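> All chains, full assembly: derive it from the sequences and hints.
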Amino acid sequence: MLINPASTHQDDLWLERHIVDPSQDNRQPIILETKQLHVYYGDNEAIYEGDLKFAEHQISALIGPSGSGKSTFLRSLNRMNDGVARVAGQILYRGVDINRPEIDVYEMRRRIGMVFQRPNPFSKSIYDNITFALKRRGVTDKKTLDEVVETSLKQAAIWDEVKDQLNKSALALSGGQQQRLCIARAIAVKPDILLLDEPASALDPVSTGKLEETLTALKSNYTIIIVTHNMQQAARISDYTAFFNMGRALEYDKTSQIFTSPKVQLTNNYVAGDFG
Amino acid sequence: MNSKLQKQLLKRSKAAKIERLGKGVSFLALMLIVLTVFAIIIFVTSKGLSTFFSNHVNVIDFLTGKNWNPNVTNAKGQPEVGALPMITGSFVVTILSALLATPFAIGTAIFMTEISPQRGARILQPVTELLVGIPSVVYGFIGLTVVVPAVRAVFGGSGFGILSGTFVLFVMILPTVTSMSVDALHSVPRYYREAALALGATQWQTIYKVVLRAATPGMLTAIVFGMARAFGEALAVQMVIGNAALLPTSLVSPASTLTSVLTTGIGNTVMGSMQNNALWSLALVLLIMSLIFNLIIRLIGRRGAITK
Amino acid sequence: MNPKLSNRIAITTLYVIASLIVLILAALLGYIIISGLPALSWHFLTSPARAFTSGGGIGIQLFNSFYLLILTMLISFPIALGAGIFLNEYAKQNWVTSLVRTSIEILSSLPSVVVGLFGFLIFVVRFNFGFSILSGAFALTFFNLPLLTRSIEEALAAVPDEQREGGLALGLSKWETVTHIIVPAALPTILTGVILSAGRIFGEAAALIFTAGQSAPALDFGDWNPFNISSPLNPMRPAETLAVHIWKINSEGIMPDAKAISSGASAVLVISVLAFNLLARFIGRRLFKRFTAG
Numbered sequence: 001m002l003i004n005p006a007s008t009h010q011d012d013l014w015l016e017r018h019i020v021d022p023s024q025d026n027r028q029p030i031i032l033e034t035k036q037l038h039v040y041y042g043d044n045e046a047i048y049e050g051d052l053k054f055a056e057h058q059i060s061a062l063i064g065p066s067g068s069g070k071s072t073f074l075r076s077l078n079r080m081n082d083g084v085a086r087v088a089g090q091i092l093y094r095g096v097d098i099n100r101p102e103i104d105v106y107e108m109r110r111r112i113g114m115v116f117q118r119p120n121p122f123s124k125s126i127y128d129n130i131t132f133a134l135k136r137r138g139v140t141d142k143k144t145l146d147e148v149v150e151t152s153l154k155q156a157a158i159w160d161e162v163k164d165q166l167n168k169s170a171l172a173l174s175g176g177q178q179q180r181l182c183i184a185r186a187i188a189v190k191p192d193i194l195l196l197d198e199p200a201s202a203l204d205p206v207s208t209g210k211l212e213e214t215l216t217a218l219k220s221n222y223t224i225i226i227v228t229h230n231m232q233q234a235a236r237i238s239d240y241t242a243f244f245n246m247g248r249a250l251e252y253d254k255t256s257q258i259f260t261s262p263k264v265q266l267t268n269n270y271v272a273g274d275f276g
Numbered sequence: 001m002n003s004k005l006q007k008q009l010l011k012r013s014k015a016a017k018i019e020r021l022g023k024g025v026s027f028l029a030l031m032l033i034v035l036t037v038f039a040i041i042i043f044v045t046s047k048g049l050s051t052f053f054s055n056h057v058n059v060i061d062f063l064t065g066k067n068w069n070p071n072v073t074n075a076k077g078q079p080e081v082g083a084l085p086m087i088t089g090s091f092v093v094t095i096l097s098a099l100l101a102t103p104f105a106i107g108t109a110i111f112m113t114e115i116s117p118q119r120g121a122r123i124l125q126p127v128t129e130l131l132v133g134i135p136s137v138v139y140g141f142i143g144l145t146v147v148v149p150a151v152r153a154v155f156g157g158s159g160f161g162i163l164s165g166t167f168v169l170f171v172m173i174l175p176t177v178t179s180m181s182v183d184a185l186h187s188v189p190r191y192y193r194e195a196a197l198a199l200g201a202t203q204w205q206t207i208y209k210v211v212l213r214a215a216t217p218g219m220l221t222a223i224v225f226g227m228a229r230a231f232g233e234a235l236a237v238q239m240v241i242g243n244a245a246l247l248p249t250s251l252v253s254p255a256s257t258l259t260s261v262l263t264t265g266i267g268n269t270v271m272g273s274m275q276n277n278a279l280w281s282l283a284l285v286l287l288i289m290s291l292i293f294n295l296i297i298r299l300i301g302r303r304g305a306i307t308k
Numbered sequence: 001m002n003p004k005l006s007n008r009i010a011i012t013t014l015y016v017i018a019s020l021i022v023l024i025l026a027a028l029l030g031y032i033i034i035s036g037l038p039a040l041s042w043h044f045l046t047s048p049a050r051a052f053t054s055g056g057g058i059g060i061q062l063f064n065s066f067y068l069l070i071l072t073m074l075i076s077f078p079i080a081l082g083a084g085i086f087l088n089e090y091a092k093q094n095w096v097t098s099l100v101r102t103s104i105e106i107l108s109s110l111p112s113v114v115v116g117l118f119g120f121l122i123f124v125v126r127f128n129f130g131f132s133i134l135s136g137a138f139a140l141t142f143f144n145l146p147l148l149t150r151s152i153e154e155a156l157a158a159v160p161d162e163q164r165e166g167g168l169a170l171g172l173s174k175w176e177t178v179t180h181i182i183v184p185a186a187l188p189t190i191l192t193g194v195i196l197s198a199g200r201i202f203g204e205a206a207a208l209i210f211t212a213g214q215s216a217p218a219l220d221f222g223d224w225n226p227f228n229i230s231s232p233l234n235p236m237r238p239a240e241t242l243a244v245h246i247w248k249i250n251s252e253g254i255m256p257d258a259k260a261i262s263s264g265a266s267a268v269l270v271i272s273v274l275a276f277n278l279l280a281r282f283i284g285r286r287l288f289k290r291f292t293a294g
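Protein chains in written order, with the numbering used here: chain A, 1 to 276; chain B, 1 to 308; chain C, 1 to 294.
For the record, the hints were derived by calculation from the structure and aren't laboratory data.
Check the hints yourself; a few may be wrong.
Unchecked claim - Cβ-Cβ distance ranges computed for the label pairs, FRET-style:
1) 155/B - 4/C: 37 to 47 Å
2) 163/A - 226/C: 28 to 38 Å
3) 45/C - 268/B: 39 to 49 Å
4) 213/B - 161/A: 51 to 61 Å
5) 48/C - 190/B: 30 to 40 Å
6) 21/B - 158/C: 49 to 59 Å
Stated by the list, open to error - In the SDA-like style, the derived pairs of lysine to any residue whose C-alpha atoms are separated by at most 25 Å in a straight line are:
7) 23/B - 84/A
8) 4/B - 230/A
9) 219/A - 145/A
10) 190/A - 16/B
11) 135/A - 97/A
12) 17/B - 97/A
13) 135/A - 193/A
14) 135/A - 302/B
15) 23/B - 4/C
16) 7/B - 97/A
17) 4/C - 188/B
18) 135/A - 84/A
19) 92/C - 219/A
20) 92/C - 302/B
21) 263/A - 230/A
22) 92/C - 188/B
Please read these numbers as outputs of a predicted model, since none were measured by experiment.
All C-beta atoms in this analysis are idealised placements derived from N, C-alpha and C, irrespective of residue type, glycine included.
As structure tokens, then:
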């Protein structure tokens, strides 16, 4: 039997939800908004609905138990699920619905970049990792490229560690360095939004700490949406937090609110460590 | 609504154009291969059928006739193109070499996967790879200089014939059947063996009663693959079989196969002539057999997949 | 029989069989090399063959084999690369793809003599290329495409999907990602496949006897203009290769030293194939190291 998501989420009173609009309590405009988002893998619905608004220059964390749909939701935002899953509904990026076939996904992904769970540097030099996408877009001026390499690596807080070995293979870096290189690579194409899918899950605590510092510093230039299974991490770095469960965003509020006095019982249980 | 952004996002980017072009080009490359296969089947079939349609030879006569002599017309006023000697020759060398190769190939494969994986990987793997790599004319040459004289010494006669062909093909298909059997054995899950050994079975009982049973479809595929290769092999066989288009009467008398008659004949006949058409009909038989081997492999694969 | 005893017998038998295989290879290689080595000399490797008298070499045949190999690779590699990319990166699981895969399997299992006859029919006769290097290269391309395509496809499939996502997330097209990231990452494996297939091409004869022909006209190694008839580079000249030469002189050769020449030529052929094999292993390992730890 197919569940009609529209009716379930409105009619089931037992299902507590609490979703805020960040533009209400924060002067930043909304940069990304999902409306009636549904994701299907074949006939199975992975996400019933996620209506969330993300404010500019904020870090928003998506938390929830594994299988709750947070990663699927994130990957739908820049259509990395194209060809993998069917995504219905609207994704408004600065008011433009990007979940339409006419949208040029390549230009859109240039503006909405992504960093993945496992560091995935290309088997090229550090320098070429950063400049590769730019070169493909026709930037050939050596000086411009050099500048981009330096600023991106600085913003990703890895410049000091690699500035003397830019021609070395990126694969020779440590896991934590590789992940920050991937962030540098993502910001080299000057995106608007950065999506991060559990970027620290494969890293040790020291590297994780550095990565978190990097993200906090990046906030002034980019809007960041991060999926994490680490609640402390969400509490440390994010401004807003969304709690996902069973393919649905149940609570979305200021991070301080979520972790101190959640409005939804399930969020409370999860944050308190009762399940997940 | 941000109309400037909307415009930028709706414009087709360079990446989108490259994508469409690249996908198209790579698709064309793939279609070229498919087209080739269809062209081969269509051309060889139409050439091969002309014996029956242009020269009005009866298909049954062709397949069952014992005399191959396209220059001579028989009592019915038709050319003598009985392909039975060659068809028999091809099947006999194929079946005999497969019978001979199977125990060796499977034994080696078991040794490589079950008895001594280290020696298997370090010695036997390179050995089989090298055996696959040796060109067929070299096998033919060694057959000619070593196998044929040896057969002559033991059995008398010329030494050319089915037996020599069988020995050469045996060595040629051995590595193919071995390495495919190794793959089949590798795909048997580890816990099958552990479960049997834990029940107190000896190593040989485990291999014989559990591992080999589980790997049977894969082994069958390997053997059919080897047979397909033996059936289609041309030069090595042609060099040792004696090339007499006669129905084989013994394993050590000169005989011929479809491939051997083709390689010696095509160059000596004129395109479009009866003699030439008859040779193309042999090529058609070869093609059909190759397709049948393919089909058998597919059927085994499907049945293996269901029982697993 | 008691299980322990039968176990012992069975395992001993397996040891014997495995040793026999090693022995067969050793005997083969030993025979080829030992009987061939006395014939090998600089003169043998460089001078032209003689039809009726002894003392001929295999120079032209050797050159033809290499030229044909290079030409075949130049034609078949781009096609196999394109086809491999499409199969691994774009093809959906549907009936078209399964038809394509079936065709490739059929092509790979066709007897090479049938492929050669088809090449003869199309290129030698219909396109009027005659017995020529070009006809031979096309026939060998058909012979080579299925295996090369499959090995390229497998090499691409071994590159983790994270690399593809990395490219896509930067706003690059799938094609750019594949050609600039995935293919370079798969290069060691692809090269290994190419070299192994080169060994196969080098030793192939059945597909060539009716396409590249069975004669090796004299070549002028001072003339490198591909349009001249005696130029080694002329792709329209008939070109007997080393493998075809071995078959030819053993089937109908009349020179007195046919056996010595065959032994020498076989040794050259086998040593070349061995070299291709070793090179493939070496390159695979070496490049792999460079790409992962550089």
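> Does each hint fit the structure? Answer for all of them.
Status of each hint after checking the structure:
{"no.": "1", "hint": "155/B - 4/C: 37 to 47 Å", "verdict": "41 Å, holds"}
{"no.": "2", "hint": "163/A - 226/C: 28 to 38 Å", "verdict": "51 Å, violated"}
{"no.": "3", "hint": "45/C - 268/B: 39 to 49 Å", "verdict": "32 Å, violated"}
{"no.": "4", "hint": "213/B - 161/A: 51 to 61 Å", "verdict": "57 Å, holds"}
{"no.": "5", "hint": "48/C - 190/B: 30 to 40 Å", "verdict": "58 Å, violated"}
{"no.": "6", "hint": "21/B - 158/C: 49 to 59 Å", "verdict": "26 Å, violated"}
{"no.": "7", "hint": "23/B - 84/A", "verdict": "18 Å, holds"}
{"no.": "8", "hint": "4/B - 230/A", "verdict": "39 Å, violated"}
{"no.": "9", "hint": "219/A - 145/A", "verdict": "23 Å, holds"}
{"no.": "10", "hint": "190/A - 16/B", "verdict": "19 Å, holds"}
{"no.": "11", "hint": "135/A - 97/A", "verdict": "28 Å, violated"}
{"no.": "12", "hint": "17/B - 97/A", "verdict": "22 Å, holds"}
{"no.": "13", "hint": "135/A - 193/A", "verdict": "21 Å, holds"}
{"no.": "14", "hint": "135/A - 302/B", "verdict": "48 Å, violated"}
{"no.": "15", "hint": "23/B - 4/C", "verdict": "61 Å, violated"}
{"no.": "16", "hint": "7/B - 97/A", "verdict": "12 Å, holds"}
{"no.": "17", "hint": "4/C - 188/B", "verdict": "24 Å, holds"}
{"no.": "18", "hint": "135/A - 84/A", "verdict": "28 Å, violated"}
{"no.": "19", "hint": "92/C - 219/A", "verdict": "40 Å, violated"}
{"no.": "20", "hint": "92/C - 302/B", "verdict": "21 Å, holds"}
{"no.": "21", "hint": "263/A - 230/A", "verdict": "20 Å, holds"}
{"no.": "22", "hint": "92/C - 188/B", "verdict": "29 Å, violated"}
Comparing the model with each earlier hint shows violations of hints 2, 3, 5, 6, 8, 11, 14, 15, 18, 19 and 22; every other hint is respected.
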